[in-house]
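Undergrad: Sequence:
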Amino acid sequence: MSDEKKITIIAGNNGSGKSTLLKILHGLIEIPDNIIKWGDYSIKNVKDNQTMVFQTPILLNRTTYENLNYVANKKNITEKNYVQKIIEKLNIKDIANVNTRYISGGERQKVSIAMAIIGDPKIIFLDEPTSQLDPVYKNEIENIIKNLSDLNVKIFMTSHDVSQINRIGKEIIFLDNGNVIYQNSVTKFFNEKHCSLINNYMNYG
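If you read the sequence shown in our numbering, its first letter stands for residue 1, the second for the next number, and so on.
A few of these clues could be false.
What the hints assert, rightly or not - No more than 20 angstroms apart at the CA atoms, straight line, and that leaves these computed lysine to aspartate or glutamate pairs for EDC-like:
| id | residue 1 | residue 2 |
| --- | --- | --- |
| 1 | Lys146 | Asp120 |
| 2 | Lys74 | Asp120 |
| 3 | Lys138 | Asp94 |
| 4 | Lys74 | Asp48 |
| 5 | Lys75 | Asp120 |
| 6 | Lys93 | Glu66 |
| 7 | Lys85 | Asp120 |
| 8 | Lys146 | Asp134 |
| 9 | Lys188 | Asp161 |
| 10 | Lys188 | Asp176 |
| 11 | Lys93 | Glu107 |
| 12 | Lys6 | Asp150 |
| 13 | Lys47 | Asp120 |
| 14 | Lys89 | Glu107 |
| 15 | Lys122 | Asp48 |
| 16 | Lys122 | Glu171 |
| 17 | Lys122 | Glu142 |
| 18 | Lys89 | Asp150 |
| 19 | Lys146 | Glu128 |
| 20 | Lys146 | Glu66 |
| 21 | Lys170 | Asp150 |
| 22 | Lys23 | Glu128 |
| 23 | Lys93 | Glu30 |
| 24 | Lys170 | Glu128 |
| 25 | Lys23 | Glu140 |
| 26 | Lys80 | Asp120 |
| 27 | Lys146 | Glu171 |
| 28 | Lys85 | Glu30 |
| 29 | Lys193 | Glu171 |
None of these hints come from the bench; they were simulated from the model.
Sequences are here, hints too, so could you generate the full structure?
TA: Next comes the structure, spelled out in structure tokens:
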């Protein structure tokens with residue numbers, strides 16, 4: 001479906017189908033098997049190698065460490081100090097023992113991403129992960145996403161932030177009413193002529 005080892009941005013106006021596409025790719029919305037494939041494999045074949053980060057983090061009413069440890073246990077990870085390594089990797093040591101109810105939105109999103117990378121998934125889907133964050137945390141999350149891509153994790157991310165698309169995207173899929181109307185590199189996206197729909201999006205997004 002898309003080139004590997006890139007950050008692919010799924011863009012479009014509200015209601016265009018961005019989040020729905022992510023949910024289909026992740027398997028949250030079922031469609032007939034073999035319609036969408038990763039190389040030679042169907043979605044079901046790669047389900048265990050992908051995770052999703054939602055716009056509003058879904059966390060347990062527990063400490064950061066306990067949230068991460070819960071996911072590690074669910075994935076049968078027994079490596080000593082594994083959770084601690086994830087905490088250090090995401091630079092969330094200062095909130096490791098804090099209940100996630102009492103941390104900021106940016107910190108909650110970092111915890112959500114930390115949970116998503118447990119088990120070293122090959123594909124991560126992110127649904128507008130920075131839309132509710134201030135510029136400082138937006139920059140932090142973007143750097144985390146770029147670092148994951150550099151480690152050969154395939155990233156699919158929805159965004160309505162045109163400047164963000166230009167900063168971190170390598171490929172863009174533009175949707176309208178559930179249909180792909182443009183798919184190319186981000187570089188070409190910002191240098192080509194477009195229809196009025198995409199032009200308006202670029203001017204006001």
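Undergrad: Decide, hint by hint, whether the structure agrees.
TA: Now for the hints, and whether the structure bears them out:
Restraint check for lysine 146 and aspartate 120: the C-alpha separation of about 15 angstroms stays at or below 20 angstroms, so the hint holds. Only pairs whose Cα atoms come within 20 angstroms are accepted, and lysine 74 paired with aspartate 120 is accepted, the gap being roughly 14 angstroms. Using a Cα cut-off of 20 angstroms, the hinted pair lysine 138 and aspartate 94 holds, with the two alpha carbons roughly 19 angstroms apart. The hinted pair formed by lysine 74 and aspartate 48 meets the criterion: a straight-line CA distance of about 12 angstroms does not exceed 20 angstroms.
Distance restraint check for lysine 75 and aspartate 120: the Cα-Cα separation of roughly 11 angstroms lies within the 20 angstroms cut-off, and the hinted pair is therefore satisfied. At roughly 13 angstroms between alpha-carbon atoms, lysine 93 and glutamate 66 fall within 20 angstroms of each other, so this suggested pair holds. With a C-alpha separation of about 13 angstroms, the suggested pairing of lysine 85 with aspartate 120 holds against the 20 angstroms cut-off. Distance hint between lysine 146 and aspartate 134 is fulfilled; the C-alpha atoms sit about 18 angstroms from each other, no more than 20 angstroms.
Proposed proximity of lysine 188 and aspartate 161 is supported: the alpha carbons are some 17 angstroms apart, at most 20 angstroms. Of the supplied pair hints, the one linking lysine 188 and aspartate 176 holds, its CA atoms being roughly 19 angstroms apart against a limit of 20 angstroms. About 11 angstroms separates the Cα atoms of lysine 93 and glutamate 107, which keeps this hinted pair within 20 angstroms; it holds. Using a Cα cut-off of 20 angstroms, the hinted pair lysine 6 and aspartate 150 holds, with the two alpha carbons roughly 9 angstroms apart.
At most 20 angstroms may separate the alpha-carbon atoms for a hinted pair to count; lysine 47 and aspartate 120 meet this at roughly 13 angstroms. In summary, the hint linking lysine 89 to glutamate 107 is supported, as the alpha carbons are separated by about 14 angstroms, within the 20 angstroms threshold. For the suggested pair lysine 122 and aspartate 48, the alpha carbons sit about 9 angstroms apart, so the restraint of at most 20 angstroms is met. For the hint pairing lysine 122 with glutamate 171, the CA-to-CA distance comes to about 17 angstroms; that is within 20 angstroms, so the pair holds.
With a C-alpha separation of about 18 angstroms, the suggested pair lysine 122 and glutamate 142 falls inside the 20 angstroms cut-off, and the hint holds. This hinted pair checks out: lysine 89 and aspartate 150 have alpha carbons roughly 14 angstroms apart, not beyond 20 angstroms. With a CA separation close to 15 angstroms, the supplied pair lysine 146 and glutamate 128 stays within the 20 angstroms bound. Of the pairs offered as hints, the one joining lysine 146 and glutamate 66 is violated, with about 26 angstroms between alpha carbons and a cut-off of 20 angstroms exceeded.
In summary, the hint linking lysine 170 to aspartate 150 is supported, as the alpha carbons are separated by about 12 angstroms, within the 20 angstroms threshold. Among the hinted pairs, lysine 23 with glutamate 128 is consistent with the structure: their alpha-carbon atoms are about 13 angstroms apart, no more than 20 angstroms. This hinted pair does not check out: lysine 93 and glutamate 30 have alpha carbons roughly 38 angstroms apart, beyond 20 angstroms. Distance hint between lysine 170 and glutamate 128 is fulfilled; the C-alpha atoms sit about 16 angstroms from each other, no more than 20 angstroms.
A distance of roughly 25 angstroms separates the Cα atoms of lysine 23 and glutamate 140; the hinted pair therefore is violated under the 20 angstroms criterion. For the hint linking lysine 80 to aspartate 120, the alpha-carbon distance of about 16 angstroms falls within 20 angstroms, and the restraint holds. Restraint check: the Cα-Cα separation between lysine 146 and glutamate 171 comes to about 13 angstroms, which is no more than 20 angstroms; the hinted pair holds. For the proposed pair lysine 85 and glutamate 30, the alpha carbon gap of about 34 angstroms is over 20 angstroms, so the pair is violated.
Restraint check: the Cα-Cα separation between lysine 193 and glutamate 171 comes to about 17 angstroms, which is no more than 20 angstroms; the hinted pair holds.
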